[in-house]
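Asker: Given the sequences, and given the hints that come with them, work out the whole structure.
Residues 1 to 687 (full-length UniProt numbering) are what the sequence shown spells out, left to right.
A hint or two may mislead.
[Unchecked claim] Cβ pair distances, simulated, as ranges:
#, residue 1, residue 2, range
1, A247, P420, 13 to 23 Å
2, D419, E191, 17 to 27 Å
3, E15, G224, 41 to 51 Å
It should be emphasised that the hints constitute simulated quantities derived from the structure, not laboratory data. None of the values given here were measured: they were computed from a predicted structure. Glycine is no exception: its CB is placed at the ideal position from the N, C-alpha and C atoms.
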Amino acid sequence: MSTEPGAGTDAGRDEHVRRVRLPADNRTPAAARAVVRSVLAEADLDELLNEALLLTTELSTNAVEHARTELDIEVVADQIGLTVTVSDFAAGPVDELVVGIRNDTDQIGEVSARGRGLLLVDHFASRWGTTYLPTGKGVWFRLDRHGDHGDAPRSPYPPPGRTDSEPATSAPSAAAMSELTQTRPDPYADEPLTEFATDLLTRVAEMVGAAGGVIRLDRGEGEGPQVLARYGRQPRPGNELLRVPLAVHRPYVGELELDAAPSAYARPLAVLAAERLALHLENDRLRRADVRRSAWLTFLAEASELLAQSLDVDLTMALIPQLVVPRLGQWCAVHTADEWGRLRLAASSHADESVLPQLHKVLEESGPDSVQARLREASRTGSQVPLGGPMEGFAVPLVARSQRLGTLAVGRHQRHRHDPDEVAVLEDVARRAGLAIENARIHAERRRVAQTLQQSLLPPVLPVVERIGFAAEYVPTGDEAEVGGDFYDVVPLPDGRWLVVVGDVSGKGVQAAAVTGLVRDVIRVLVGDGKPLPEALARLNDTLVERGGGRYCTLALAAVGPGDGDRLDVSLHLAGHDRPVLLHGAGGANFVGIGGTALGLLDSITSPAAEIVLAPGDALIFYTDGVTERRRGRELFGTERLREAAAPLAGYSADVVAARLRATAINFSVESPRDDIAILVLRNDAL
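Answerer: The following block contains the structure:
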């Protein structure tokens with residue numbers, strides 16, 4: 001037995017030597033094979049090609065996978081054979097281990113326990129060994145021409161091409177072993193993994209003479225073990241089967257099963273095939289996991305978008321179960337908690353709608369072991385709680401900004417338990433749902449406050465006055481949580497007349513509402529004290545200028561009272577406001593009034609008076625810029641379109657005129673109003 005790679009060769013014989021250093025990546029085995037192939041061609045040793053390439057592949061692959069360092073490949077060929085040494089630079093003890101002459105069947109079990117690659121080396125090499133040095137480790141093998149093995153015994157196994165009379169348990173050929181170890185899935189196949197598993201199973205079954213075989217795989221999707229590949233016939237009852245588990249990670253579980261007679265090579269080859277398959281199954285698992293995680297991320301993004309689109313509390317809670325069922329559970333129930341911690345069923349869903357009454361009944365049951373008790377525990381502790389009984393599943397709390405809002409309960413599918421990824425997704429859904437519910441509640445509260453504040457700035461009803469018709473329409477901006485600056489009012493004057501007020505404060509929000517309230521109250525106080533309209537406007541302007549803040553206001557004031565006969569006299573003052581439309585009872589419409597200065601911008605203002613007489617059936621139409629500046633793309637509604645829309649309404653009551661103009665302005669665009677719309681109609685209702 002020799003202890004050196006070159007032992008057994010004459011130093012004087014012609015040698016062909018190659019030494020290369022290769023990186024530790026997946027291209028190294030192919031590069032190593034290319035070096036060996038070129039040396040064999042130079043030395044005219046083509047008969048050793050299959051064995052040499054197979055063993056080089058195994059040693060270089062093992063070195064890449066385990067050492068993870070650069071590799072030195074040395075190939076030495078002489079007249080009678082070939083020696084290949086694969087060295088790495090992984091640290092190890094200074095020692096030398098020689099396994100010895102090949103094909104010692106008593107050592108096969110020991111060798112196979114250390115690795116499938118060394119089993120192949122032990123089978124095909126004339127000699128081989130492992131050397132440990134301070135710089136790393138080297139594994140070498142020697143292949144001799146047939147008949148040139150020196151003292152080494154000939155292989156008891158015949159070469160490829162044996163006759164049919166030879167036993168089927170003979171060791172497989174190098175070509176067959178090479179094909180087995182280098183078999184790869186076809187990436188262009190319809191079912192690459194299934195076809196690869198079938199090919200691998202067929203090869204190993206034929207190599208060990210198995211009558212049948214099967215590969216089963218459970219992907220953890222609730223369907224149980226499925227047949228991935230099958231070979232030959234079903235195993236006969238009583239046969240002792242060779243079973244090898246597939247080394248895959250959960251949730252994958254698999255097994256390779258062969259109906260083969262016991263032999264020295266049956267189990268090692270089955271294990272080798274199982275390892276080859278497990279590698280690609282693990283790739284499949286990782287790929288599916290990536291696809292699944294990508295799908296979950298997409299699902300969470302879509303769920304967030306849907307939840308964010310709704311600012312209605314009831315609609316948001318009704319949407320949550322629809323997102324969960326049936327993708328993440330058989331059923332789902334959302335409970336909200338009141339200020340005392342009591343739970344109320346807000347929304348629910350079931351994959352089978354006919355089971356909903358039963359689900360509601362179970363959710364309403366009380367008792368220490370009921371679902372209701374488990375839900376209260378989840379809400380109280382703020383942690384995940386399992387649900388038992390007929391509605392098996394689990395509950396997670398709905399929490400937003402440290403506020404416990406309730407619970408999200410999800411039932412598992414009948415044939416599938418929630419895996420960790422699904423549980424994590426459900427917990428994420430619960431967090432997003434809790435935040436969406438809290439946002440909807442906050443928005444609802446803001447909307448309620450805005451509506452209350454807006455209503456306080458407008459008269460609850462318009463006065464009913466003999467011979468004078470008043471009507472108004474108000475449409476807030478599309479954001480119902482914002483308070484607008486448009487307002488209108490009708491105020492009695494000390495001299496028996498009535499004052500119509502239509503105004504627009506710049507901006508929106510609480511600050512605009514504060515200025516609106518100030519303007520409204522100052523006007524009421526001043527005209528109530530009998531101040532003339534020009535003086536009232538001047539004092540209001542002084543107030544706004546002194547207040548500062550950059551807010552200004554446009555106003556239209558119209559004092560209306562009885563005139564000659566059935567007529568009404570109107571004294572109109574405009575402070576930066578759009579001119580009203582005079583709608584004649586006999587037909588036709590035109591703008592009236594003289595423009596003035598807006599309030600709050602300059603120390604002094606002008607507001608010329610325009611005296612207007614309204615005959616019976618005539619009407620004055622006041623409006624804010626929310627009407628004229630309503631947009632359809634780049635096109636404005638405009639004052640001229642308003643006049644044209646008003647003209648056909650001659651003869652109609654004030655209520656009809658205001659409602660028709662409101663509808664015309666709203667229908668001009670499909671978008672929600674960007675500004676408040678206020679319309680007030682003053683009409684002479686004398687018969």
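Asker: For each hint, tell me whether it holds in the structure or not.
Answerer: To see whether the hints hold, each was checked on the structure:
Distance hint for A247 and P420: a CB-CB separation of about 21 Å, consistent with the stated range 13 to 23 Å. Roughly 24 Å separates the CB atoms of D419 and E191, a value that falls within the hinted 17 to 27 Å. Restraint check, E15 to G224: a C-beta distance of roughly 60 Å breaks the suggested window 41 to 51 Å.
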